[in-house]
Amino acid sequence: MTTKAIRILIAKPGLDGHDRGAKVVALALRNAGFEVIYTGLHQTVEQIFDTALQEDVDVIGLSILSGAHLPIAEKLMAKLKHTDMNDKIVLIGGNIPERDIPSLKAIGVLGVFPTGSSFDEITAFIQTCMADK
Amino acid sequence: MSSKIRDVVLESGIQVKPVYNPEDVDPKNEIGQPGEFPFTRGIHPYMYRQRPFTMRQYAGFGAPHETNQRFKFLIENGQNALNVAFDLPTQMGLDSSDPLAEGEVGRVGMAVDTLADMEVAFTGIPLDQISVSLTINAVAAPIMAMYFVVAEKQGIPLAEVRGTAQNDILKEYIGRGAWIFPVEPAVRLIGDTIEFCASHAPKYYPVSVCGYHIRESGANPVQEIAYAYAIAKEYIKRGLGRGLGVDDFAGQISFNLDIFGNFFEQIAKFRAARRLWARIIRDEFGAKNPNTMMMKMIAGGGGGGLTIEQPENNIVRGAYYALISALSGTQTMALCSYDEAYTIPTEKAALISLRTMQMLIEEMGVGDTVDPLAGSYYVESLTNEIEARIVTEMKRVEDEWGGIVKAVSEGIVQGEVAHQAFAYEKGIQDGSIPKVGVNRYRMEEEKRDVALHTYNPDQAEDAIRRTAEVIARRDSSAVKAALEKVRAAAGSDQNLMPSLMEAVRAYATLGEITGVMKDVFGKFPEPVNL
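Line by line, the protein sequences are chains A and B. Our numbering numbers the first residue of the first sequence as 1 and each following residue consecutively. Our numbering numbers the first residue of the second sequence as 1 and each following residue consecutively.
Calculated from the structure, these hints are not laboratory results. Accuracy of the hints is not assured; some may be wrong.
What the hints assert, rightly or not - With a Cα cut of at most 30 Å, we get these calculated DSBU-like pairs of lysine-lysine:
#1 B:K447 <-> B:K435
#2 A:K105 <-> B:K523
#3 A:K75 <-> B:K518
#4 B:K395 <-> A:K105
#5 A:K4 <-> A:K105
#6 A:K88 <-> B:K426
#7 B:K296 <-> B:K395
#8 B:K523 <-> A:K75
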């Protein structure tokens with residue numbers, strides 16, 4: 001049993017500025033006892049990667065509503081793979097069509113939470129993933 | 001057998017009584033006559049009896065020629081005003097060829113790199129007759145410059161050009177997030193556009209202050225109006241700072257407000273907002289012209305109220321939103337499409353929205369008499385209560401947060417709205433806020449997959465090629481000289497609009513122009529305040 005709080009980075013990649021979902025999930029996760037860092041808007045994958053490294057997070061949650069989730073996830077997963085950060089749990093939330101979920105999972109995204117997912121679902125998923133590690 | 005009377009508390013925190021009576025309406029708070037101060041009942045004496053509300057639908061497709069076709073379709077179908085959506089790179093001042101634009105060109109709206117794109121989009125659209133609304137903020141000044149130059153090329157004098165630019169940067173920092181520059185220079189740009197329009201394009205509405213996005217980001221109806229008014233007051237102060245009189249320009253600042261939530265709370269919100277604005281403009285700014293005191297608004301049936309579950313229910317929600325809007329005395333209505341919770345509105349869905357508004361006026365007789373709810377004990381009581389609460393919230397912005405510019409720069413409003421959004425979402429998830437089809441009367445239904453703006457890489461290639469051709473044809477020394485003038489104006493207290501018009505006339509790209517402004521202004525350091 002560890003007392004160290006789970007650290008989560010909530011990130012907003014790309015040009016889209018709709019951050020209601022990202023902020024709401026960040027607040028929900030903080031309420032659930034996680035340590036949450038929110039990147040703010042208009043982040044490049046490189047910036048998100050650097051923040052994840054500096055903040056030594058366990059989980060990276062990307063919030064994407066623009067439709068560009070596949071290329072963004074591919075870029076981040078490739079970057080993580082080539083470093084010692086490949087143990088990070090990567091989650092994606094936002095406007096994600098059902099049909100894209102298998103492709104996201106195939107490249108190593110562990111959890112996908114389309115708009116409307118419940119806080120409990122996300123929290124439980126992170127706890128299970130961390131327990132399995 | 002008696003059952004318990006339900007407690008009802010509105011989003012604004014108002015406790016609703018089961019019955020309202022004459023004594024619930026404070027007689028000191030007069031509503032006046034329609035078309036007269038304080039305009040509670042509407043800004044025109046005969047409202048829709050004389051002219052139905054303007055019906056405006058959002059349109060904008062990746063390529064300028066497609067946007068042009070959709071505009072022509074809408075005009076043929078009886079629409080008299082157009083809203084233009086721009087893609088994200090354009091909203092962020094990036095050219096289609098910019099590496100940061102990759103994957104986004106033409107995705108959520110029209111891609112504009114140069115004046116040539118705007119010329120194509122508005123071919124055959126007379127800009128002195130059709131009122132075009134440009135949904136653009138951080139780079140509103142250069143896009144307005146393009147619009148004015150297109151009008152000039154159509155042979156329309158600037159003094160006759162109609163239209164609206166959203167051009168409300170302060171709300172971008174609160175919701176929607178399409179900001180580039182730090183708050184101070186961004187607000188200065190708005191001052192430049194206000195000053196320019198007041199002197200050269202008096203029929204143009206240079207700013208549309210958006211409570212809409214503030215509400216969609218999580219604010220309650222009282223906060224929506226309070227923050228929008230704090231923002232609008234700031235822009236007015238900037239105009240006054242240019243030596244303009246309040247009556248010279250403040251009447252051309254309009255509002256874009258949201259509709260969803262409790263039916264009567266929404267109606268009261270609009271009536272209260274109109275009366276309060278008239279009081280602010282007359283009593284705080286000393287306006288003399290009644291036109292300046294009129295709060296002009298476009299009310300939009302908010303996407304925030306729609307559900308992906310049982311989406312046909314959204315047609316009914318849309319009709320209620322339109323009814324709220326009509327009973328509130330709005331001048332312009334933009335109704336959401338029932339399918340927009342999961343896809344880009346189809347032509348059919350957009351047409352149903354348009355027909356919904358037409359039915360209200362032409363079949364239902366909703367516009368036959370002005371402000372039909374006036375005198376209702378409940379509506380008048382709510383109107384008074386909401387107005388009082390907006391005043392209190394505005395005082396909080398001023399006294400506790402040090403004004404809207406400081407509150408936005410430091411992320412205070414953003415934090416406030418985010419917490420409100422969180423509370424709302426929790427309420428939806430635990431069922432304490434009822435939502436039919438979501439946490440009430442949920443049904444097993446075919447899973448509806450969200451469809452997104454598809455990305456067509458050809459469109460990006462086309463845009464890049466078009467701009468390359470424009471660049472090859474233009475006089476590069478003229479572009480260079482014009483951009484240096486933009487730089488000089490940005491670094492001084494000169495109005496930027498004349499140099500921006502010169503730059504777009506020379507076919508400088510939006511990315512080049514924004515780049516010069518970024519050199520001078522820098523970038524907004526986003527405060528993350530959760």
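List of violated hint numbers, smallest to largest | When the structure is compared with the hints, numbers 2, 4 turn out to be violated.
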